[in-house]
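Undergrad: Throw the hints in and build the complete structure from the sequences for me.
Numbering-wise (the numbering used here), the sequence shown opens with residue 108 and increments by one.
Simulated from the structure, these hints should not be mistaken for lab results.
For clarity, every value in this text was computed on a predicted model and none was experimentally measured.
Hints are not guaranteed to be accurate.
Computed cross-link-like contacts, BS3-like style, restricted to lysine-lysine with a CA-CA straight-line distance of at most 25 angstroms [unchecked claim]:
(1) 279 - 261
(2) 280 - 261
(3) 235 - 167
(4) 279 - 267
(5) 262 - 279
(6) 267 - 280
Label-pair ranges, simulated between beta-carbon atoms [said to hold, decoys possible]:
(7) 283 - 224: 35 to 43 angstroms
(8) 172 - 264: 41 to 49 angstroms
(9) 264 - 227: 34 to 42 angstroms
(10) 225 - 193: 19 to 27 angstroms
(11) 237 - 259: 31 to 39 angstroms
(12) 201 - 157: 45 to 53 angstroms
(13) 165 - 208: 43 to 51 angstroms
(14) 225 - 259: 30 to 38 angstroms
By construction, the Cβ of each residue, glycine as well, lies at the ideal position given by its N, Cα and C atoms.
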Amino acid sequence: MSSVIIIVVAALCTFGSMVLTDRIGRRVLFLSGGIVMFVSQVIVGAIMGTQLGDQGSLSKAYGYVMVVLICIYVGGFSLSWGPLAWLVPSEIFPLEIRSAGQSITVAVNFLFTGAVAQTSLAMLCHMKSGLFFFFAGWLVVMTVFVYMLLPETKKLPIEKIDQVWREHWFWKKYCGTII
Numbered sequence: 108m109s110s111v112i113i114i115v116v117a118a119l120c121t122f123g124s125m126v127l128t129d130r131i132g133r134r135v136l137f138l139s140g141g142i143v144m145f146v147s148q149v150i151v152g153a154i155m156g157t158q159l160g161d162q163g164s165l166s167k168a169y170g171y172v173m174v175v176l177i178c179i180y181v182g183g184f185s186l187s188w189g190p191l192a193w194l195v196p197s198e199i200f201p202l203e204i205r206s207a208g209q210s211i212t213v214a215v216n217f218l219f220t221g222a223v224a225q226t227s228l229a230m231l232c233h234m235k236s237g238l239f240f241f242f243a244g245w246l247v248v249m250t251v252f253v254y255m256l257l258p259e260t261k262k263l264p265i266e267k268i269d270q271v272w273r274e275h276w277f278w279k280k281y282c283g284t285i286i
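TA: Spelled out as structure tokens, the structure:
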């Protein structure tokens, strides 16, 4: 039953992302999703660390709390990082390199998704609740990256992408000028 609940949450939040993306912007969704996912990861890790230890089981009440926390995490992901990982790369590359850039983005996405899928169970066995803190740490890195380095593309025409990169405080050092 918990799997069905989680799938329904994921589907509803993905549809919510379609509605919210152009209204509030990509950066807001990335940042809020990163925070929601971070908080839920830390709480899950804390509950597992304090209630399970190396071995053990959770009470029914903690089991329900865990399902709610996983739903919150999945909802945060489905509103933000899940769909936006496909949308934003298609918007940020200039037309001249868009197909190559998107191809590399998809390949890297699949590579790391496969790596996480193949290693997570073994990591959980060795790291126990520390795995959730490990992923929470990566969420901090990802969210700070978006905050510092990803420009907003909401309602931005494709023709203006080059200009956005050339005017960004960090990326302008690496972008050429148009003559």
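Undergrad: For each hint, tell me whether it holds in the structure or not.
TA: Hint by hint, here is what the structure shows:
no. : hint                          : in the structure
1   : 279 - 261                     : holds, 20 angstroms
2   : 280 - 261                     : holds, 23 angstroms
3   : 235 - 167                     : holds, 20 angstroms
4   : 279 - 267                     : holds, 14 angstroms
5   : 262 - 279                     : holds, 21 angstroms
6   : 267 - 280                     : holds, 18 angstroms
7   : 283 - 224: 35 to 43 angstroms : holds, 39 angstroms
8   : 172 - 264: 41 to 49 angstroms : holds, 46 angstroms
9   : 264 - 227: 34 to 42 angstroms : holds, 40 angstroms
10  : 225 - 193: 19 to 27 angstroms : holds, 22 angstroms
11  : 237 - 259: 31 to 39 angstroms : holds, 35 angstroms
12  : 201 - 157: 45 to 53 angstroms : holds, 50 angstroms
13  : 165 - 208: 43 to 51 angstroms : holds, 44 angstroms
14  : 225 - 259: 30 to 38 angstroms : holds, 34 angstroms
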